[in-house]
Amino acid sequence: MIHVLYLDDESHNLTAFRAAFRRVFKVHVTTEPTEAVQLLREHPIEVVISDQKMPSLSGVEFFELIMSDFPDPIRMLLTGHADIDAVIDAINKGQIYKYISKPWNEAELQALVEEAAGQFRRKRTVQQEGDRMIQQMRQAKELAAWIVEVTASGGAVTPEIHEKAKKIDELLS
Amino acid sequence: MNAVRLLGFRCIGLVALAVIGFAFPAGAQKYIGERMELLPDSLVPRMSVTEQIVDLLGWQPLDVAVPNLGNSSEVYWLRLKLDAATEAGSLLEIQNATIDELSCFIVCDGEVITAYGDGESHRSGQDSQLGTYPSFAVPLATECTDLEVLIRVQSGKPLLLPVRIAGHKEVIRDAHQRDVFFAAYFGIIFVMLLYNLFLYFSVGDRNYLWYAMYIVTVGGAQLVLNGYAGLLSVDEWPWLERRLVHFMGVFSGVATIVFARDFLDLPKRVPWLNTVMYVYLGIYGLAFLLALFGWMTWSYNLINFCALAIFLLIPGAIVSMRQGFRPARYFLIAWMFFIVAVLVFVLKDSSVIPFNQWTFFALPVGNAIEVVLLSLALASRINEMKQEATKAKEQQLRLAQQNERMVSNQNRLLEDRVRERTLELQQANGELENTLSELKTAQQQLLQQEKLASIGQLTAGIAHELNNPINFVSSSSASLKRDFEDVEEVLKRVMALQPDSEGLHEEVRALRERMEELDLEFTQEEIVQLLKGIEDGAGRTAEIVKGLRIFGRVDGDAFAPAQLNELLESTLVILRSSLRDQVAIDLELEADLPLVRCQAGRLNQVFMNMITNAAHATMERKDLAPEDRLIYIQSKKVEEGGKKWVIIRIEDNGIGMAEDVRMQIFDPFFTTKAVGEGTGLGLSIVMGILSDHHAEVDVQSAPQRGTAFTLTFTA
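As given, the protein sequences belong to chains U and X, one line each in that order. In this text, residue positions in the first sequence follow numbering that gives the first Met the number 0: the first is 0, and each later residue adds one. In this text, residue positions in the second sequence follow numbering that gives the first Met the number 0: the first is 0, and each later residue adds one.
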């Protein structure tokens, strides 16, 4: 299940959100930004939704706050009325994936969250694949270095060398 | 033309008069100057007796009919031998009325038989005077062989001695004739005098007065010269009598000069002559003084010299005539008559022409004609003057008409100008009106903008306020439906359970598993929460809508009683979302506030504007934390003497204003905000609304301390 974090100063909104999406997502809600950070630490959050207009800090400010520690989760801004300045601000800083206006359409919001999660997962997959390839390259390099070292002394091609060359082939394929 | 014809008629009448005048003394008179002998008194020894004088040596015969002894003031003796046979009993008449001293002695054979006068004054001779001339009766001394007459004369005037011997009847007849003649003459003079005086008083022309004076003095001179002064009883004053001829001469001369000078308008037309006339006047004055002090001969000579002035007036009249002054011509004619008469008189006196009745009467006749003619001249002058006046009037009229034309032209021009100007003004006015209407439109637009801005603010606030409850109400209801579906499913299965069913236990266990699966316990809790949220959302929506309804009376222009607390609250509902978390609002509203008749919608605009301003002012205080930025809103009632007031106080601890700013905040278009951020109309509109409500406004402010608006409404 997709882990979604929703931050809003209006508790009724949180209730409504959880009630709407608890069956499809793993929903985490809070009214407090500090608690939200805690939740980010404790759970593999993939999508973060924040209300823009909050007393202590705005949504955009919250995103800025978590940017360094949690860069990966996809961020979405939720706002009551067309606060165009905030939207421009958020988009310019590249912090948000989507902008949602209240009142939300449940189906639309679900689709957006899923889409965002897909994005997050694709990103994570690509990253993992990359990591894996880098790992393989590193191994292949090590093997190649060993072969070069062994063959440099003018020894015959041993089955061990042969086996290792074969493994390099596998790694690079 | 008329004047000329009139002049003609008058001349004819005058000539007729003159002829009648001459006809009377037509008989020739015989003067006996040739028979007389003369002896100056200086040759007579002192203390001589009259009888001795007759026989003195030195008698000189006079060889003229009318001797002229000149003007010397000397005493003369005259001797005349009479024929006792024929001339005794007749009268000796000396036709000279101006002899100062005259005595007459009749000597018969060296013995004075009759003496007239004591040699001091000719008055003494009056005893036997039959007319205006002295006459002496020669006694009927027919027995005398030598009958002589001795006459002693002395005069300060020319001593002309027309002497004759005539019978009583003859003398009386001649005296009567002369009287008649002079009566006619004086009649003319008198009529002329009256006529001219009348004219003077009716016309008021000074010339008539001068002329009247001229007539009086000239006539007076004739009166005196011809011995009629006695009529005025001047012989009562011998001193005056001796000088009367001199005085009359001076007066008539002065009057002549004054009259002629004025008539001919010498000062203007012949200035040099005018100056000469002044000299003559001076000389006349001198002559008058000489006569006064007894220098009779010198005085008379001076007067005679001055008589030359009448000749000088001729060139004066000619010059004046040449200058186109027509009356000068009549003057000239009249003057010619006079001069001719004077010439005759003078020539007669100097024996150039014979002394007779014709030459004697020439002067009064000429004078009478002259007087009449001058009167005509004067009439002509008046006519001329009248004509000139008429001409002047016509000229004036022409000028006036010209002026009027010019004025009317000018008026037309002015009217044109005025019309032009009016047109220009109308155009300018039209332009101004256009500008004004444009300005009004602009103002309207600005007001509309201000209104729109507040409506925009309002809708944005409301949108935000409404969005949250709408969001969770709609979302919650959908979730509630799903939750209820779960509950319903379980409920249906529970309801389907049969107590006596065999697999009851099994079914209950499966149901429990399903309930676990659906997490119904949580769902139950959630439903409560969702319901609470919906209830809460509905309540909040209702509150907002209510506030909106109160606030929304934006165009409610009707005055109606309203609770100002309600208005403040509804305004705050609208503003809450934009103020929340920015500014702390401290609301202190008095509970039982009296109602205030007001335009609720417009007052909301006032409150919103003021609270928004307060919020902006406090938000500028970056040194304060949001919770320390305060807006204090207070309402309270004040009662005094049966009157009630509601006081609304909106106070902030914002940046405040300097005095000069505070003075201008209600001025239209005054703003401290950057261009494009504020219209500068907010508070001016507020002021307009408040003055419509007759509310008192008090503003107190201090920079960096805050501002307080106090509004006082009459309840």
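Some hints could be false.
Straight line, CA to CA, 27 Å or less: simulated DSS-like cross-link-like pairs of lysine-lysine [what the hints assert, rightly or not]: (1) 392(X) - 25(U); (2) 122(U) - 97(U); (3) 29(X) - 25(U); (4) 165(U) - 140(U); (5) 92(U) - 140(U); (6) 635(X) - 545(X); (7) 392(X) - 267(X); (8) 390(X) - 439(X); (9) 80(X) - 92(U).
Since the hints were made in silico from the structure, they are not lab data. In this text, all values refer to a predicted model and were calculated from it rather than measured experimentally.
TODO: Of all the hints given earlier, name the ones this structure violates by number, lowest first.
DONE: Those not satisfied are hints 1, 3, 5, 8 and 9.
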